[in-house]
Amino acid sequence: MRRFILIAVPYLWLVALFLIPFVIVLKISLSDVALARPPYMPQLDFAAGWEGFQSFFAALDFENFWFLTTDDLYWKAYLSSLQISLTSTVMTLLVGYPIAYAMARAAPEWRPTLLMLVILPFWTSFLIRVYAWMGILSNEGLLNQFLLWLGVINEPLTILNTNTAVYIGIVYTYLPFMVLPIYSALERMDDSLLEAAEDLGCSRLSAFWLVTIPLSKNGIIAGCFLVFIPVIGEFVIPSLLGGSGTLMIGKVLWEEFFSNRDWPVASAVAVILLLILVIPIILFQRNEQKQREAEG
Amino acid sequence: MKTHLLTMTAGAALMASFATAEEVRVYNWSDYIDEELLTKFEEETGIDLIYDVFDSNELLETKMLAGGAGYDVVVPTGTFLQRQIAAGAFQKLDMSKLPNKGNMWDVIEKRTDQYDPGNEFSINYMWGTTGIGVNTGKVTEVLGTDAPIASLDLVFNPDNMEKLSSCGVHFLDAPTEMIPAALTYAGLDPDRKDDEALAAAEEVLLAVRPYIQKFHSSEYINALANGDICVAFGWSGDILQARDRAAEADNGVEVAYNAPVEGALMWFDQMAIPVDAPNPEAAHVFLNFIMDAQNMAAASNYVYYANGNAASKEFLVEDVIGDTAIYPDEATLEKLYTVTPFPPREQRSLTRMWTKVKSGT
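Going line by line, the protein sequences match chains A and B.
The first sequence begins at 1 in my numbering and counts up one residue at a time.
The second sequence begins at 1001 in my numbering and counts up one residue at a time.
Among the clues, some could well be false.
Said to hold, decoys possible - Quick partial rundown of chain A residues pointing at chain B, CB under 10 Å, derived from the structure:
id: 1; residue: D45
id: 2; residue: D72
id: 3; residue: N139
id: 4; residue: E155
id: 5; residue: V252
id: 6; residue: F257
id: 7; residue: F258
id: 8; residue: S259
If you are wondering where the hints come from, they were derived from the structure by calculation, not from laboratory data.
Every value quoted in this text rests on a predicted model; they were computed, and no experiment measured them.
Cβ atoms here follow ideal geometry from the backbone N, Cα and C, with glycine treated the same way.
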């Protein structure tokens, strides 16, 4: 009985915070636009009883999903989001891994301070930090003035309102999500394994490749998921730092929702986005499990 | 003074009926009021005023349609108001609680009648035109002294725009404002919404797209005032505020506003009370306060927009009432047009086209 309750708690969370909202979004995506509050129909009429249920389900259809295939805007936006998300995940990993590595190699008494420094930016609002980047990257901004002063460039670089600014913003914002899981994996690593590898004739570099990287694999995977998944749907960073040429699915969703007032199509876009994310993750976990079984 | 007293009694009566500290939540456009008025309202009525701002009708509309936004007074533009009334987002005003309603200007009420028949749901706050703001110094430097600063030719002729792109051009990020202007330039009826008309507008916009630095609906005020950009297609009062800020900063920037001679869009921002407003009583007190002749004049004197309040005219400073860019003369008034809301299907084509213009996809 106690075990049952223990298992039930996380499932309750999953149902309350994921499944119910998802069913609501799915339901809206099968509805039609209406000039009403809220702006879609049908609404479930409990007073009408069983017939109300029947007419409610009869009015739902997949028309909005069909609509998404008729305009190339949507798949272009999905592709562009995937590409931006993949690129920035790789960049975050390249920047984040050395930081995590240095932290894990630092003297133990320093580690809490270093950990604190990684978490510290969270104490300021995310929005303010992205705004600060607007001040740094603009034509008259700090970065350009510094480079002009150094004499590296003769006229200001246009960085703000381009994809470069979006990448900088994403890497900066999501860096802690990459650093923390990798750090926790590296910190747990047993140093004697490296000594053993060197005793057996490994150079330091190959010991890093053959021992450290594989042992931190779980941290790397967790970090990549923590960055990749939220970045795909990112809206704030591209709208503040990106130009009008930055195409991301988050912005398309905003347009559907706010400009077109078409909640059903907006919901259909969101459902597809979820499928794009969930299916690869499930496949990946299946694969992992198979491997573990094969090893075990 | 009489109206003043009325406001106070209305406030006092409300205070008596609600013993606890009251609050009223107002959601208005950014840079759209003299903030001293907000303090004055709190002092006169004893109601706490929570004042939030937005810069797009779309944002406001989504909040209204979702419901439960928690605001007591909101300020949509006429075309948006009409659709939101149809969706059942607003409550009818209780005229018995609005003794200052008599101050309103019948000329404007006749025009807002097309969005809100009988003016039952809303009062006019401000109205204005959408047109061209220029940094006169820079534009004459680029295009010469005969630059067509009062013509759509300035912003829709690629030859002019190519030259202007060196000093920066901003357009409103509001398709419902930009498409009528593009249609006027193409010689079509600005209120047309069919595919053929939209295609014509798209062609006009795409031809100048490479020369537009940014589509944004509020940044241009500061950008124009600082001299960061030299042309903005925007709202009349915003550009006049930029003119004022530049004059105050004494930075050598001279800003001018013109409603295009080919015809300009006339719009009306209307104050209304959401159907689920937490405190409709206090909302009425706020509307009545705003309709006070002196208060309304103070707001117009500050934001450089014309208002729909006839009684306020005697309190307007010469800078406002005497400026034909704000209170147009008869000849200009004839050139001003109004438009109707977009139905859902046309709205979708419009948004799609706007995305294409902005992002090239």
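Right, here's what the structure says about each hint:
1. D45: violated, 17 Å
2. D72: Constraint on A/D72 satisfied, holds at 8 Å.
3. N139: holds, 8 Å
4. E155: Since the shortest Cβ distance to chain B is 13 Å, the answer is violated.
5. V252: holds, 8 Å
6. F257: Holds, because the Cβ-Cβ distance from A/F257 to chain B comes to roughly 6 Å (cut-off 10 Å).
7. F258: holds, 4 Å
8. S259: With a closest approach of 4 Å, the A/S259 hint holds.
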